[in-house]
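*Asks:* For this one, chain H is given, so just place chain R with the ligands on it according to the hints.
Given next are the chains, with one letter for each unit.
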Amino acid sequence: MLRIPCPHCGERDYTEFRYGGDASKPRPAHDERDVRAWHDHVFVFANPRGPHREYWQHVQGCRQWLILERDTATNTVGAARLARDGAGA
Amino acid sequence: MSERYSALALARHALTGAPWPRAWRRADPRPHYDVVIIGGGGHGLATAYYLAKNHRVTRVAVLERAVIGSGNVGRNTTLVRSNYLLDGNTQFFEHSLRLWEGLSHELNFNVMLSQRGQVVLAHGPAQLDVLARKGNVMRLNGIDAELLDRGEVQRLLPYLDFSAHSRFPIHGGLLQRRAGTVRHDAVAWGYARAASGLGVDIVENCEVTGFLRDGDRVIGVETTRGRIGADRTAISVAGHTSQVAALAGLRVPVESHLLQAFVTEPIKPFVDHVISFGAELFYISQSDKGGLVFGGHIDGFNSYTQRGQFPKVQTVAECAVALIPSISRLRLLRHWAGIQDMTPDGSPFIGRTPLRDLFLNGGWCYQGFKATPAAGWCFAHTLAHGEEHPLIEHLSLERFLAGNGHDEYGNGLWTYRQ
Ligand SMILES: Cc1cc2nc3c(=O)[nH]c(=O)nc-3n(C[C@H](O)[C@H](O)[C@H](O)COP(=O)(O)OP(=O)(O)OC[C@H]3O[C@@H](n4cnc5c(N)ncnc54)[C@H](O)[C@@H]3O)c2cc1C
Ligand SMILES: [Zn+2]
Numbered sequence: 000m001l002r003i004p005c006p007h008c009g010e011r012d013y014t015e016f017r018y019g020g021d022a023s024k025p026r027p028a029h030d031e032r033d034v035r036a037w038h039d040h041v042f043v044f045a046n047p048r049g050p051h052r053e054y055w056q057h058v059q060g061c062r063q064w065l066i067l068e069r070d071t072a073t074n075t076v077g078a079a080r081l082a083r084d085g086a087g088a
Numbered sequence: 000m001s002e003r004y005s006a007l008a009l010a011r012h013a014l015t016g017a018p019w020p021r022a023w024r025r026a027d028p029r030p031h032y033d034v035v036i037i038g039g040g041g042h043g044l045a046t047a048y049y050l051a052k053n054h055r056v057t058r059v060a061v062l063e064r065a066v067i068g069s070g071n072v073g074r075n076t077t078l079v080r081s082n083y084l085l086d087g088n089t090q091f092f093e094h095s096l097r098l099w100e101g102l103s104h105e106l107n108f109n110v111m112l113s114q115r116g117q118v119v120l121a122h123g124p125a126q127l128d129v130l131a132r133k134g135n136v137m138r139l140n141g142i143d144a145e146l147l148d149r150g151e152v153q154r155l156l157p158y159l160d161f162s163a164h165s166r167f168p169i170h171g172g173l174l175q176r177r178a179g180t181v182r183h184d185a186v187a188w189g190y191a192r193a194a195s196g197l198g199v200d201i202v203e204n205c206e207v208t209g210f211l212r213d214g215d216r217v218i219g220v221e222t223t224r225g226r227i228g229a230d231r232t233a234i235s236v237a238g239h240t241s242q243v244a245a246l247a248g249l250r251v252p253v254e255s256h257l258l259q260a261f262v263t264e265p266i267k268p269f270v271d272h273v274i275s276f277g278a279e280l281f282y283i284s285q286s287d288k289g290g291l292v293f294g295g296h297i298d299g300f301n302s303y304t305q306r307g308q309f310p311k312v313q314t315v316a317e318c319a320v321a322l323i324p325s326i327s328r329l330r331l332l333r334h335w336a337g338i339q340d341m342t343p344d345g346s347p348f349i350g351r352t353p354l355r356d357l358f359l360n361g362g363w364c365y366q367g368f369k370a371t372p373a374a375g376w377c378f379a380h381t382l383a384h385g386e387e388h389p390l391i392e393h394l395s396l397e398r399f400l401a402g403n404g405h406d407e408y409g410n411g412l413w414t415y416r417q
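These protein sequence lines map, in sequence, to chains H and R. Mind the numbering: the first sequence is residues 0 to 88 in numbering that gives the first Met the number 0, read in order. Mind the numbering: the second sequence is residues 0 to 417 in numbering that gives the first Met the number 0, read in order.
One chain only, chain H, in its complex shape (with noise of 0.2 Å):
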């Protein structure tokens, strides 16, 4: 069972959780006019077999939006924190 460390309820099975996708692509700028560039950023995912930083919600308990570390080869989980801290970095 994958186990996620949310910072405010402590270690949770993922299925309290609701997957987000890939937290790692910075969003375009307000006033980005390049289509491609939304475009890639809903769309493409560099789906990496290995490290991996990701969205997940922590639905079942404090409605929180998480970024966790996660290996997509392993399942090995890292640390967690809030997304609203920001994903960048």
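The reader is advised that the hints may include incorrect statements.
Said to hold, decoys possible - Example chain R residues on the side facing chain H (calculated, C-beta under 10 Å, incomplete): (1) 399; (2) 412; (3) 413.
Think of the hints as simulated: they come from the structure by calculation, not from any bench. Since the structure is predicted, the reported quantities are computational estimates derived from the model, not experimental observations. The beta-carbon is built from N, C-alpha and C at its ideal position, and this holds for glycine as well.
*Replies:* Then chain R with the ligands, alone, in the frame of chain H:
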């Protein structure tokens, strides 16, 4: 060259005890081919066969990093059907079903197509309306479809939960009698044998590790068995599309997710059809050995572990029992997971890529097995002519840029949908 299979050949081998020859040639890679296909799954092998058969392109290699048939072609739940709603899908999957119907003869290899019929259930009047619409679309396209009311479903499938307290009461269903199952391993072997007979090289234990480039042109591949040149190169690697595309510097609208399948201990013949639950993504059939074979949704987050998560076992078992309460005491014999491409609209990509002479067939989500013959057919055409077959024009890699997502289920462009 392998010998033709027939009743006569069977009798001859039985009487003389002569060993059967290998079904296909074990080939070592040559320095150059007209077409190199990466991935020896059902799609790669079918593509090679139709290149040789339909287009007389025979200097073709299929490069498989492990052994052929060890990917999803040997891990799926073997359902074939052509009950698709959206224009484009309807015709493509019907073309595939027609090819399935002649495939054993075409390949001289018994792929054990069993057209036992598939019933998709509706658990409310609105859902039955949706099925009626889909059935009408199918019939307008010359595809068989029959709308069943509750009584008709009950006569056909009396063992479903028709009790007063069923959690998801059955209102009716849509029956496609020509739908059914196919022996999946035989599809890999049959296409491999027929392609090899036409001169195609099937090269196993040969992993593609890079692409040879000449500017924006791809001119071959780097492999664990050396460099191989190619006029045209085709990616057909199912759950690994992103990895292989990345070797060419391409990023694609694909995430890799796990899909699990389940088999119970064998029982006497009981489930004579393929049944799809309407309240959840869940489907069930019975194998010739007697095991009930079923599956559900992807696990819900991207992964390459090929190891399913336990909560999915529970959800799928709950669906099974909600649908057929009498199987609640059956034991699961085995379950496994395959790595599956998931795309934003649930539809695949077949056709050209931004790089010249590099072509892609990927993003197959849940429906890749039933698509095998038509995908091979259309991809071979695309490779032979350098432009897309009309049946797959709606499946371009650039379709989201033009706002042309092809979302069969109407639930939005959402890759990791459950
Ligand atoms: C559990 C499960 C159930 C399913 N049930 C159904 C179903 O009932 N009906 C249906 O229509 N579809 C179903 N599918 C989907 C279907 O199985 C796949 O979409 C389809 O098999 C994919 O095409 P393929 O056969 O060519 O893939 P594969 O057999 O996976 O072939 C791809 C091959 O590429 C090789 N490869 C990867 N990387 C490289 C490399 N770098 N170099 C060389 N070779 C490489 C792999 O080793 C593999 O053999 C199911 C899938 C799963 C996982
Ligand atoms: Zn929490």
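*Asks:* Going back to the hint list, which numbers does this structure go against?
*Replies:* Of the numbered hints, all hold.
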